Structures are given as C-alpha cells and as structure tokens.
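Just so you know, the sequences run in chain order F and E.
Counting from 1, one number per residue, gives the positions in the first sequence under this note's numbering.
Counting from 213, one number per residue, gives the positions in the second sequence under this note's numbering.
These aren't lab readings, by the way, just hints derived from the structure by calculation.
The model shown is predicted, which means the values in this text are computed figures rather than measured ones.
Just to be clear, a hint being listed does not mean it is correct.
Quick list of simulated restraints, FRET-style, between CB atoms [said to hold, decoys possible]: (1) F:47 / E:297: 53 to 63 Å; (2) F:71 / E:225: 45 to 55 Å; (3) F:22 / E:293: 54 to 64 Å; (4) F:97 / E:269: 38 to 48 Å; (5) E:303 / F:100: 32 to 42 Å; (6) E:262 / F:11: 45 to 55 Å; (7) E:221 / F:114: 20 to 30 Å; (8) F:22 / E:262: 18 to 28 Å; (9) E:301 / F:109: 33 to 43 Å; (10) F:145 / E:297: 49 to 59 Å; (11) F:172 / E:257: 45 to 55 Å; (12) F:198 / E:293: 35 to 45 Å; (13) F:79 / E:297: 26 to 36 Å; (14) F:88 / E:293: 55 to 65 Å.
C-beta: ideal position from N, C-alpha, C; glycine also.
Chain by chain, the residues run as shown.
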Amino acid sequence: MNETSSRLLEESPDAIARRLLQKAHTQDGLPEMCVGLLFLLAAPLNWMSSQLDGSSMAFKDAYVGVYVLWLLLAVSIPWLIQWMRRRFLVEHEGYVALKSNKRTLIRILLVGAVVCIFLGFAALWLKLPGLDRWILAALGLFVCAVWSLIGQTLRFRIVGALNAATGTLLALNGLSIEISLGIFYGVSGLASLLSGLVVFIRFLHLPIEAGE
Amino acid sequence: MSKNIPRLAEIDRVIHEPGRLMIVALLAAVEEADFQYLRQTTGLTQGNLSTHLSKLEAAGYVSVEKTFRGKYPLTLCRLTERGSEALDGYRRVIKGAL
C-alpha cells in the first residue's frame with residue numbers, strides 16, 4: 001500500500017471529501033483573483049472615505065458608486081466563480097453541483113457579524129492614541145490566518161505571511177491610518193491577484209484529457 | 213488491541229478501496245459531479261476512474277447518467293440512497309474499530 005493509500009485510510013470519509021473539495025475549489029486561482037480584486041477596490045474606497053468631508057457632490061456620488069460596486073462584488077463572488085467555471089472552464093474542471101450548505105452559510109454570516117461589531121468598536125477606539133497602529137497589525141495577522149486556513153497550501157501561506165508582514169510594518173511606521181490601510185489593501189489585493197493569476201494561467205495550460 | 217478489531221471483517225470492501233473511497237466520499241458531499249470533475253479532484257487516471265465507477269455502479273452505490281450541458285457532454289455521477297447507507301455503515305465500522 002503506498003503512502004497516499006495509507007493516508008486515505010487514516011482519514012474519515014468526511015475529511016477526505018473536505019480535502020478534495022478544497023483542492024478543487026482552489027486549483028484554478030479564481031477565488032484568489034476575486035478576493036484580490038475586492039482588496040484592490042477597497043484601497044481607493046478607504047482613501048475616498050477619508051476625503052468625504054467638504055468634498056464635491058460628484059466625489060460623494062463616485063464614492064457611493066464604488067462602494068455599491070464593492071458590495072455587489074463581495075456578495076456575488078460565489079455565484080460569479082460558479083458561473084465562470086460552468087461557462088468557460090467546464091472542459092478543464094468538469095461539472096459539479098454543490099449541496100446548499102445553510103449551516104455553513106449561517107456560520108459565515110455570524111462570524112462576519114462578530115467581525116463587523118469588533119471593527120465597529122475598533123473604529124471607536126481609533127481615537128485613542130496608538131491603538132489604530134495595532135489594529136493594522138491585527139488585520140494583517142487575521143488575513144494571514146484566514147488565508148492559511150482556507151488554502152492550506154504553500155502559495156496561500158506565502159500570501160498570508162506577506163499580509164501579516166505588511167500589517168506589522170505599517171503598524172510600526174508613522175503614516176496616517178488612511179494611507180496605511182490603503183497600502184495594506186493594495187499590497188494584499190495585488191499579492192492575491194498575482195498569485196491567483198499565475199495559478200489560473202498554469203491551470204489553463206494543463207492538457208485537457210477527453211472525457212469518458 | 214481493540215476488541216472491536218474483528219468488526220473490521222464486516223467492512224464494505226467495495227468502499228474500502230482508496231480510489232473508490234475518495235469517489236464515494238466526494239459524491240456524498242455534493243449533489244452530483246461529472247466524470248471530468250471526479251478525475252480532476254481525485255487525481256485518478258481515466259481508466260482507473262472508469263473501472264471504479266463501474267464497480268460502484270454495479271454495487272448500486274452510484275448512478276451514472278450520460279447527458280449534455282449545451283454542447284458539452286457530461287457523464288453525471290450521483291451517490292444513490294444505497295451508496296449513502298453503505299457509506300454510513302462504513303463510517304460506523306471504521307469508528308468502532310479505532
């Protein structure tokens with residue numbers, strides 16, 4: 001029995017399914033590219049929100065437009081990825097219909113709500129001297145943890161480590177919080193987008209074997 | 213040694229084979245998947261996957277349906293009720309033995 005076989009028999013069927021589904025979900029780089037786009041879009045959004053006071057109506061409209069675009073993109077990412085895979089990548093990846101997992105969705109929404117409440121309190125505390133710097137470092141570590149947990153492969157860990165390092169370095173320098181957050185989202189978004197793009201291009205160049 | 217070890221003799225040998233275990237575990241986690249998706253995800257060769265699916269289909273654990281999605285031909289695979297029960301039984305035996 002080879003190493004893969006013995007490893008398989010040590011895992012529960014549910015763990016095997018989770019591992020295989022995760023591998024399938026991250027093999028084409030699309031989720032990273034979408035998250036990268038979200039982060040890149042968040043960078044100007046963050047800067048724009050700091051410039052709203054005393055700005056023109058057109059600027060405020062542009063801000064609302066970018067914000068709505070960001071929200072729409074954030075909400076539609078799972079459907080967007082599924083549509084792209086079924087429309088353009090079905091010959092490479094094959095077809096799958098996933099089970100609707102309401103429990104996982106509720107769990108994600110709850111975690112999201114807790115994170116939002118935490119960030120809300122953090123925003124109030126930002127007025128305290130010095131604390132905003134460490135929220136940047138915490139944000140970097142949080143994104144690093146999420147990447148490492150979701151991906152569990154080297155490229156996700158590298159992007160995660162880059163996020164943690166960027167957050168920590170920005171926490172230690174003297175830039176304003178708006179500029180620091182803009183840089184953080186920009187670096188994180190670019191790293192995710194490039195990582196996803198490289199994986200996507202390599203994936204498209206894999207030979208397609210004829211089906212059964 | 214666990215006194216439950218003799219229970220391993222009851223194990224479903226159709227599911228216990230590593231390749232088929234991957235296929236059944238994966239199909240249990242999704243509604244349906246086609247041949248190409250199973251091959252991409254499990255890393256099995258076309259011949260191996262085809263053989264395993266035939267055995268699972270013969271045991272009544274998996275249903276295979278040939279269809280089209282637009283111009284793209286699909287060999288859709290689903291875990292049957294019997295396959296789901298067999299997987300539950302397999303889980304129980306493995307859990308009891310460990």
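Non-conforming hints, listed in increasing numerical order
Numbers 3, 4, 5, 6, 7, 10 and 14 - these are the hints that the structure violates, sorted from lowest upward.
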